[in-house]
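As you go down the protein sequences, you meet chains A and B in turn. Mapping of the first sequence onto my numbering: residues 1 to 728, in sequence order. Mapping of the second sequence onto my numbering: residues 729 to 952, in sequence order.
Worth flagging that the hints you see were computed from the coordinates, not collected in a lab. Where is the CB? At the ideal position from N, CA and C, for every residue including glycine. If a hint is listed, it holds; no wrong ones were tucked in.
When the alpha-carbon atoms are kept at most 30 Å apart in a straight line, the in silico DSS-like pairs for lysine-lysine are as follows:
hint, chain 1, residue 1, chain 2, residue 2
1, A, Lys85, B, Lys794
2, A, Lys299, B, Lys878
3, A, Lys398, A, Lys102
4, A, Lys644, A, Lys586
5, A, Lys644, A, Lys322
6, B, Lys878, A, Lys254
7, A, Lys231, A, Lys398
8, B, Lys794, A, Lys68
9, A, Lys396, A, Lys98
10, A, Lys27, B, Lys794
11, A, Lys231, B, Lys878
12, A, Lys102, B, Lys794
13, A, Lys445, A, Lys36
14, A, Lys396, A, Lys231
15, A, Lys85, A, Lys27
16, A, Lys474, A, Lys445
On the chain A side, residues computed to face chain B include the following (Cβ under 7 Å):
hint, residue
17, Gly42
18, Tyr46
19, Gly49
20, Gly53
21, Ser55
Letter by letter, the chains look like this.
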Amino acid sequence: MNRIPYVICLILIFVADPDVIMAQPTKIGGSVIDHKEIPLPGANIYLEGTYHGASSDQNGMFAFETMKTGYFTLVVDYIGFNSYKEEVQLMGNIINLKIILKESFDELKAVTIRAGAFEASETKKSVILKPLDIVTTAGALGDVPGALQTLPGATMVGESGRLFVRGGHSSETQTYIDGTLVHEPYTTSTPNTAVRGRFNPFMFSGTVFSTGGYSAEYGQALSSVLLLKTKGLQQEDQVDLSITSIGLGMAGTKFWGRGAIAAGFDYTNLTPYMKLAPQNLDWIHYPVSYNGSVSLRQKSGNDGLFRAYITYDRSQSTLNQKDPDFPGGVSRLAIENQYIYLNASWLGSLNDHWSLKLGASGTSNIDNNRLDFGKYKHSLRGTNLKLVLSNRIHEKVKLHFGSEFSHKNFAQENRIDAFNNFENLELNQQLISGFAETDIYLSNKFMVKFGGRYEYSISMNKQNVAPRISAAFKLDNHSQMSFAWGYFYQDPDSEYLFYQKHLDFEHARHIILNYQRITDDRTFRVELYYKKYNHLIKFGKSDMDQGVGFNNNGYGYAYGVDLFWRDRKSIPNGDYWISYSYLDTKRNYQDFPYEAVPSFASRHSLSVVYKHWIGTLRSQFGTTIKYASPRVYNDPNQTEFNSKRMPPYRSVNVNWSFLLRQHIIIYGAITNIFGFTQSYGYNYATIPDINGSYDSLPIVPAATRFYFMGCFITLTRKGESNQMNQLE
Amino acid sequence: MNQIHNKMKNLIFAVILIVLMNGASLLGQEYERAMETAVSDLAECETIEDLQDLANVFKRIGDAEKEEWLPLYYHSYCYTIMSFMSEGDGTQMDEYLDVAQSNMVRLEDLVPDESEIWVLQAFIYTGRLVVDPMTRGQEYSFLSSQSNQKALSLSPENPRAQYMELANAIGMAQFFGNDVSVYCKEAENLLADWDRYQVASAIQPSWGKNNVKEIVQSCHQNQD
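With the sequences and hints as input, model every part of the structure.
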């Protein structure tokens with residue numbers, strides 16, 4: 001019998017592809033849509049482990065055939081959506097599927113709470129500002145608080161230069177670097193002369209300017225917090241040089257794989273400039289300052305990062321000051337300040353769920369001032385320790401909690417006259433605090449954050465509990481609404497605690513509602529807020545001298561609307577933003593005789609910032625126009641308190657950056673180019689003259705205009721980079 | 729009888745062997761064929777939709793052939809081109825680049841010394857830069873350059889790496905308003921030498937010649 005043909009058939013059946021034997025292909029087709037029935041074009045539909053599949057067309061429809069048989073997993077992939085899998089049985093049949101995909105959750109793209117917060121970030125999407133924007137704003141001259149004054153919520157108080165937010169005094173705003181508190185973030189200056197922020201804006205990759213309703217992680221600020229995040233690892237070796245009309249600077253970075261170190265030194269001497277440009281103040285020694293800083297970053301372990309930063313600042317100046325109590329006479333005021341700040345932090349994950357952040361900072365600020373025969377040495381030494389633990393309980397739920405210890409030592413050694421009469425004061429304040437907060441993403445579109453903060457002041461022997469709630473809801477792809485509410489507490493000013501230790505915390509309650517829409521390089525944002533103050537420090541007029549009578553009976557309110565519009569598209573190569581604030585505020589605190597508008601509030605504030613790039617000239621031009629309605633000030637010759645008004649604040653600032661070479665930038669700026677007269681009220685005598693009236697001297701800025709020119713050079717191995725990213 | 733039996737066994741053995749071998753190389757051939765078709769379709773792509781469909785094809789092949797690097801490479805390459813072609817604000821561009829970047833970890837695992845994957849990485853970084861040159865210029869031009877240097881150190885003759893270096897330099901010069909004609913000679917030389925580089929097979933990366941042609945053309949236009 002010839003079995004060969006049978007055997008061969010058997011073999012062929014065993015080893016041959018069974019698919020080839022089945023003649024019928026299976027047809028798979030259908031549609032791919034989302035939960036709103038909107039078709040998804042370009043989705044990838046295929047049988048897992050095979051090449052067989054198809055893409056969906058413009059209508060979300062797809063169809064393909066396969067000769068495979070048996071059970072397979074059908075996979076459907078689409079960018080931004082969770083992968084879909086379904087088991088199918090291929091038997092030469094027709095399979096029709098309606099596939100509904102679910103949007104995937106990505107925290108980076110999910111809604112975030114914007115109420116009360118202006119964030120500038122290099123990495124996050126849908127932020128209104130990039131750090132570059134802060135630094136290139138005309139009139140700011142690279143001063144972070146200065147640039148933030150063009151954002152809604154910040155009131156322009158020219159004689160101070162600090163951040164006054166939504167009817168709150170500048171002391172109600174705190175600055176944090178990498179999560180730890182910074183004491184004295186402003187330079188020291190002569191009275192009624194604007195200060196500047198101490199920190200170089202180039203250091204920061206992220207800035208959050210919170211005008212209220214901020215997280216439970218931060219406290220001791222009745223109005224707002226400024227959160228600065230230092231830059232990550234510098235990727236290459238670099239040397240930066242700067243030669244300007246007011247000084248010289250040099251900085252270098254060395255990078256070694258897992259870490260980097262950067263060091264900088266700045267020398268500022270206003271002598272040559274102030275001799276040329278007319279000044280309103282009578283200087284004896286023009287301001288001179290030195291600054292050195294070192295910053296270190298080192299990766300540790302898998303994903304840990306250790307950061308350290310230390311800065312040393314020394315400045316001095318001397319001038320003749322007129323005193324309204326001694327008309328016709330001058331006092332010689334010499335200012336000397338020495339400031340050291342250091343900050344170290346470590347962050348990283350402990351395991352899959354837990355991550356830890358440890359931070360410590362120390363500040364020493366010593367003012368050594370002399371006024372004629374008086375010698376005033378004021379020092380502040382502060383230490384802060386902080387620990388934060390975060391746990392990702394679930395893809396959509398995060399928990400943070402932590403604790404903080406803060407110690408402040410204030411000391412004053414005042415020699416009040418030529419007879420060696422001293423007044424020594426010392427104060428130690430310790431604060432222990434803890435907080436817990438949870439972020440819950442109910443969906444990509446809706447998130448809620450709630451938490452609380454507890455503080456105990458050892459020196460005052462008082463404690464407080466502050467609840468905080470906020471929420472954000474995404475209305476559509478481009479717009480969202482958010483809401484924030486909370487209690488905020490702050491230690492009374494050390495001035496008062498010197499005399500009376502057992503005061504209580506000052507308190508504010510915020511409620512904020514925010515709407516923002518960001519499309520295609522245009523941003524619109526509107527925010528409504530209401531603040532209620534309680535337990536503010538109050539005292540009678542004479543109590544300040546006697547050191548008694550301080551209490552927490554002060555109160556106040558602030559409400560208003562902030563508007564912001566930014567357009568980077570309409571004008572080719574142009575970028576502008578307009579910010580407007582309406583503020584209505586009154587308070588009865590300190591020595592106010594009754595509830596009145598404070599002098600640091602403007603009813604209307606308007607800023608227009610414009611930047612334009614001209615490629616053929618290799619230049620960027622910028623201008624800032626500011627207007628603030630008249631602020632009130634008190635004239636003791638009047639019966640009504642805070643009844644006089646300063647003229648409105650107006651200024652137009654311009655700047656120009658020119659790329660001489662790829663690595664050399666020439667920069668020029670003029671503040672108040674049209675020379676508008678700024679007047680900030682009057683300094684009144686403390687004792688009336690023979691006629692019973694109080695003499696006064698006008699408060700004016702140090703100079704009508706400020707001119708600045710500088711040349712910035714960046715040297716790297718490749719010689720290609722420059723400080724274009726860090727235009728000031 | 730035994731002789732016939734032995735012959736039978738040999739025949740059966742031989743048949744099984746032949747069929748099995750064909751089966752095995754059939755699978756290999758399936759991969760080669762699918763890749764060849766897909767790679768030649770790449771030249772025909774004109775719109776983002778075309779590229780999306782082709783990227784999907786590469787993804788399927790890549791998912792089925794877990795040890796092959798080329799499907800992943802082309803998947804990323806398609807998404808990178810899509811990012812350059814997209815309009816509007818940068819969100820869509822970044823999304824495409826996120827997908828392109830997501831394959832890099834596996835590619836580095838599979839073929840860390842393959843020059844082409846480092847050219848691809850440099851290309852992705854350049855894509856990031858283009859989304860927001862003012863903010864990302866310094867960081868990403870450095871990262872792109874660094875990856876490309878790695879590609880050149882692994883294969884100094886790789887014309888795609890040479891093209892990437894040239895394109896980055898031209899882009900930077902244009903942004904700062906510098907004269908780009910200094911790069912024309914280099915572009916012409918690169919075009920002339922392009923075909924000297926032997927591509928290992930029909931499915932290995934071979935793109936870039938048209939891009940260099942465009943540079944040379946615009947050089948000649950500017951000269952006239």
